[in-house]
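Engineer: Sequence:
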Amino acid sequence: MDRYIDKIKERLEPALRPVEKPPTIEEVLEHVSTRGVLRGPVDWAFPAWMLYVEYATQEIIKTFRLSEDEKRQLIHFRDIMKKLLLKAWIQTKEKLKAVYKAIKNGTYRIEGDRLYAPDGWMYMGKTFYIHINGISASTRFPDVLKLPEEKIKLLQIGWRASDETEAKMRPSMSTSQPWQVFAWAVVRNGALYIRVDRVILTREGVSVVIRMIARSWKQKWSKDEAITLVMNHFKHGEWTPLFTMWLGDGEANNNATLRGKYVVIASKEPKKIGKPIGRYEAVIASGTEAFAKLRDAAGVYGTLLDALRSHKWNYIKMLADDAPNKKKKTRNNGTKAEPDIKPVPIEKNRRKDETAQNHHEAGTEKTYYAA
Numbered sequence: 001m002d003r004y005i006d007k008i009k010e011r012l013e014p015a016l017r018p019v020e021k022p023p024t025i026e027e028v029l030e031h032v033s034t035r036g037v038l039r040g041p042v043d044w045a046f047p048a049w050m051l052y053v054e055y056a057t058q059e060i061i062k063t064f065r066l067s068e069d070e071k072r073q074l075i076h077f078r079d080i081m082k083k084l085l086l087k088a089w090i091q092t093k094e095k096l097k098a099v100y101k102a103i104k105n106g107t108y109r110i111e112g113d114r115l116y117a118p119d120g121w122m123y124m125g126k127t128f129y130i131h132i133n134g135i136s137a138s139t140r141f142p143d144v145l146k147l148p149e150e151k152i153k154l155l156q157i158g159w160r161a162s163d164e165t166e167a168k169m170r171p172s173m174s175t176s177q178p179w180q181v182f183a184w185a186v187v188r189n190g191a192l193y194i195r196v197d198r199v200i201l202t203r204e205g206v207s208v209v210i211r212m213i214a215r216s217w218k219q220k221w222s223k224d225e226a227i228t229l230v231m232n233h234f235k236h237g238e239w240t241p242l243f244t245m246w247l248g249d250g251e252a253n254n255n256a257t258l259r260g261k262y263v264v265i266a267s268k269e270p271k272k273i274g275k276p277i278g279r280y281e282a283v284i285a286s287g288t289e290a291f292a293k294l295r296d297a298a299g300v301y302g303t304l305l306d307a308l309r310s311h312k313w314n315y316i317k318m319l320a321d322d323a324p325n326k327k328k329k330t331r332n333n334g335t336k337a338e339p340d341i342k343p344v345p346i347e348k349n350r351r352k353d354e355t356a357q358n359h360h361e362a363g364t365e366k367t368y369y370a371a
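For the sequence shown, the residue numbers in my numbering are 1 to 371.
Hints were generated in silico from the structure; no laboratory data involved. Check the hints yourself; a few may be wrong.
To be verified - 27 Å max Cα-Cα, derived DSSO-like pairs, lysine-lysine:
(1) LYS9 / LYS97
(2) LYS218 / LYS268
(3) LYS82 / LYS146
Claimed, not checked - Derived CB-CB ranges, DEER-like:
(4) GLU26 / GLU204: 17 to 25 Å
(5) ASN105 / ASP143: 49 to 57 Å
(6) PRO148 / ARG35: 29 to 37 Å
(7) PRO148 / ILE5: 54 to 62 Å
(8) ASP224 / SER67: 34 to 42 Å
(9) THR303 / LYS220: 24 to 32 Å
(10) THR228 / SER33: 31 to 39 Å
Being a predicted model, the structure only gives us computed values, none of them experimental. Just so it is clear, CB atoms sit at the ideal spot from N, CA and C, and this is done for glycine as well.
All chains should be modelled from the sequences, with the hints used to inform the complete structure.
Structural biologist: As structure tokens, this is what we get:
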């Protein structure tokens, strides 16, 4: 148990470290565009979130044609987010200071997976976090993209297959990535409930988790149903649901992904979605053209992701640019060849699975998962 206390103390110290200067928008965008998240001391992370919310709002207004009413809705959303973050900033600092003081003075007690201080408590498990109490509001998010219902549905399916959950039969989303707040709200526009849910202790300080519920929509699909729909669409050449699924659960920092050879998605049940390459990862497609297909599936949603500086969108564009899509392959008879995209079959041969995984981890360029 002392090991847990030492870890908490090690993480509380950077979280409560004084900040010499507030974050700049350049710093914030560098974090979002390369890592997706904003981690740091409490007095850096919350102002960074607020700065990003302001930036994203202004970029959407500049990029898309919005009516005056839609602009008002977006600005109200911005104001609500900033007010909630400000309140959560104050509460977080008070709670973390109370826990740190209790640990330092030995006035804490542990019950189950919780550490209790005289003025608060903290969850202890795979992650250390505090709950934020009573900081929520209702607002609306405008229809920014003006997409047909069928296209919005395809985008929604992918989010449901990955990060989206359900709350009282309504779509719900929890995220520590500020760009995802806007990217998800766009496809679940309308009435929104927003809450600052919890603050996670990290080695660098803290990470803020926002929870949203889309009250204008009913949840149509279970997680399994959405995953099945993603794969069915993919098999029939429709990449849009796979695109948003990858925005949620895609592995951007995976070595195979960075070589532009594999579309890798994290899943608790990887065999349901593709070729397992680890306990919680599966390859969906291989070949250098796969990321070009994901990029092309984005359409106007990609314009939004450009404005938001999404790190996952940046990876897709980077890997798509590496694909040989500028010079089309041709056969000897001069006709266009099929692009180098290979769906990944799900096989039950354990020896092949292990061999493929070993080669993959060794960094080989050869494609082992393609038929």
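Engineer: Are LYS218 and LYS268 close enough, with their CA atoms no more than 27 Å apart?
Structural biologist: holds, 25 Å
Engineer: Does the alpha-carbon distance linking LYS9 and LYS97 stay inside the 27 Å limit?
Structural biologist: Between LYS9 and LYS97 the Cα gap is close to 11 Å, so the pair holds against 27 Å.
Engineer: Look at the Cβ atoms of THR228 and SER33 and judge whether their distance stays inside 31 to 39 Å.
Structural biologist: holds, 33 Å
Engineer: Lying within 54 to 62 Å: is that true of the beta-carbon distance PRO148 to ILE5?
Structural biologist: For PRO148 and ILE5 the Cβ distance comes to about 55 Å; the hint holds.
Engineer: 24 to 32 Å was suggested as the range; check whether the CB atoms of THR303 and LYS220 agree with it.
Structural biologist: Between THR303 and LYS220, where Cβ atoms are some 26 Å apart, the hint holds.
Engineer: Between the beta carbons of ASN105 and ASP143, is the distance compatible with 49 to 57 Å?
Structural biologist: With a Cβ separation near 53 Å, ASN105 and ASP143 satisfy 49 to 57 Å, so the hint holds.
Engineer: Check the following: the C-beta atoms of GLU26 and GLU204 are separated by a distance inside 17 to 25 Å.
Structural biologist: The hinted range 17 to 25 Å holds for GLU26 and GLU204, with Cβ atoms some 18 Å apart.
Engineer: Return holds or violated for the Cβ distance of PRO148 and ARG35 against the range 29 to 37 Å.
Structural biologist: holds, 33 Å
Engineer: Given the hint of 34 to 42 Å, is the C-beta distance from ASP224 to SER67 inside that range or not?
Structural biologist: Given range 34 to 42 Å: holds, Cβ gap about 39 Å.
Engineer: Taking only the CA atoms, is the gap from LYS82 to LYS146 under or equal to 27 Å?
Structural biologist: holds, 26 Å
Consistency with the previously given hints is maintained throughout, with no hint failing.
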